Amino acid sequence: MGMSRSKGPYTMQPPVMSVRVEDSMDIMIVRDTIRRAGSLLGFSPANRAQMASAAATLAELVLKTGEPQLLHLNGVTHGHKTGLQISSAAPWLANVSTNNVLIALRSKLGDLVDEILMEGENPPIIFMVMWMNEARGDRKVTDDDGQPEA
Amino acid sequence: MTMALEALLIEDSKTQAAQIKDTLESVGLRVRVAYDGPEGLREAIENPPALVILDVKLPTMDGFQVCRRLKRNPSTQDIPIIMLTEKADPKATMSGLRAGADDYIPKDIFAAEHLMETLRELGIL
Numbered sequence: 001m002g003m004s005r006s007k008g009p010y011t012m013q014p015p016v017m018s019v020r021v022e023d024s025m026d027i028m029i030v031r032d033t034i035r036r037a038g039s040l041l042g043f044s045p046a047n048r049a050q051m052a053s054a055a056a057t058l059a060e061l062v063l064k065t066g067e068p069q070l071l072h073l074n075g076v077t078h079g080h081k082t083g084l085q086i087s088s089a090a091p092w093l094a095n096v097s098t099n100n101v102l103i104a105l106r107s108k109l110g111d112l113v114d115e116i117l118m119e120g121e122n123p124p125i126i127f128m129v130m131w132m133n134e135a136r137g138d139r140k141v142t143d144d145d146g147q148p149e150a
Numbered sequence: 001m002t003m004a005l006e007a008l009l010i011e012d013s014k015t016q017a018a019q020i021k022d023t024l025e026s027v028g029l030r031v032r033v034a035y036d037g038p039e040g041l042r043e044a045i046e047n048p049p050a051l052v053i054l055d056v057k058l059p060t061m062d063g064f065q066v067c068r069r070l071k072r073n074p075s076t077q078d079i080p081i082i083m084l085t086e087k088a089d090p091k092a093t094m095s096g097l098r099a100g101a102d103d104y105i106p107k108d109i110f111a112a113e114h115l116m117e118t119l120r121e122l123g124i125l
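Chains as they are written, first to last, in my numbering: chain A, 1 to 150; chain B, 1 to 125.
I should point out that these hints are in silico values taken from the structure, not numbers from a laboratory.
These figures come from a predicted structure and were not determined experimentally.
It cannot be assumed that every hint is accurate.
[Claimed, not checked] Covered by chain B, per the in silico footprint, the following chain A stretches (three or more residues, Cβ under 8 Å):
id, segment
1, 27-41
2, 100-111
[To be verified] In the SDA-like style, the derived pairs of lysine to any residue whose C-alpha atoms are separated by at most 25 Å in a straight line are:
id, chain 1, residue 1, chain 2, residue 2
3, B, K91, A, D23
4, B, K91, A, G110
5, B, K91, A, T65
6, B, K107, A, S24
7, B, K87, A, D143
Virtual Cβ for every residue (Gly too), placed ideally from N, Cα, C.
Please build the complete structure, drawing on both the sequences and the hints.
Right, dumping it as C-alpha cells:
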C-alpha cells in the first residue's frame, strides 16, 4: 500500500492509496484498504461493504488476467459531492469494445457503485465511483430486486 | 456497575460460533448463540439484544430472510445487524444490504478488525 496518482474525470482528494494485486491474498488487502479509505471519508459501514465488494471484484478480474496491476483507491470530489474511486489499468481490455466492457461490469457489479467508466486506450483504465449522499443514509429494506417490500 | 451489552450471534457452525463469541466477549459483550434462523428470530423477538451478528448460510432459513424479518418487525427493526459470512460476492453483498444489514463483512483475516470498527461506529463499544 502506498501513495499513487491516478487519472479520471473527477478531482482527486485524500485518502490516496494503492494496492498491488498479484495473488489472492491481495484481494483481502484491497477489501481492507477500501474500507479504511471509506471510513476516512465518512462512508457508513454498509457503503464501505459495497465498495469493498466492488473493489474485490475488480481485483479478482485482475488476478484472472495473470498480469499484476496497481489498484488505486482514492477520494474524489465533483462540485459539492464527495466520493470514493477505485481504478485500475486494464491492458487486457485494449482491443475490447468499451460498451461491452461496461455492460459486463454493470451486470456483475449491479448497484454496488454509482458509476463505472473506462478512459484511455493504451492501456484503458477502469474507474468505479460511489458518491456519498443523504439518500444513502436512508436505506429501506427491499427484496433482491431492490424493490421495497409490500 | 453497568451491565454489559448483549449480542445475539446466529451461526450454525459451532466452531465458528465459539471463535466469534470469544472475540465479542474479549471486548466486554455478553453473547447468546442461536444455531439456526428460526431459533435466532425467536431469541431476538423474545429478548431483544443490543446487536445481532448473523451468518448467511443457515439451515432452514438463510441469513437474508432472518435479517429481513428482523428489520420488518417493529420490536427488532432498530437492532443493528452485522452479517458475517463466507459469501462475499457482489450479489450476496447486495442481498444482505437490501435485507437491511448495517454491515456485510466477509470472514477473512481482517474480519475481527472490521467487526470491531463497525461496533465502535454503531456505538456498541
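Structure-based check of all given hints:
1. 27-41: The restraint on the segment 27-41 of chain A holds, since 5 of its residues have a Cβ under 8 Å from chain B and three suffice.
2. 100-111: Satisfied; 4 residues make the cut.
3. B:K91 to A:D23: holds, 23 Å
4. B:K91 to A:G110: holds, 8 Å
5. B:K91 to A:T65: OK: K91 of chain B and T65 of chain A at ~22 Å, within 25 Å.
6. B:K107 to A:S24: holds, 15 Å
7. B:K87 to A:D143: This hinted pair holds, its Cα atoms lying about 18 Å apart.
In this structure, none of the earlier numbered hints is contradicted; all agree with it.
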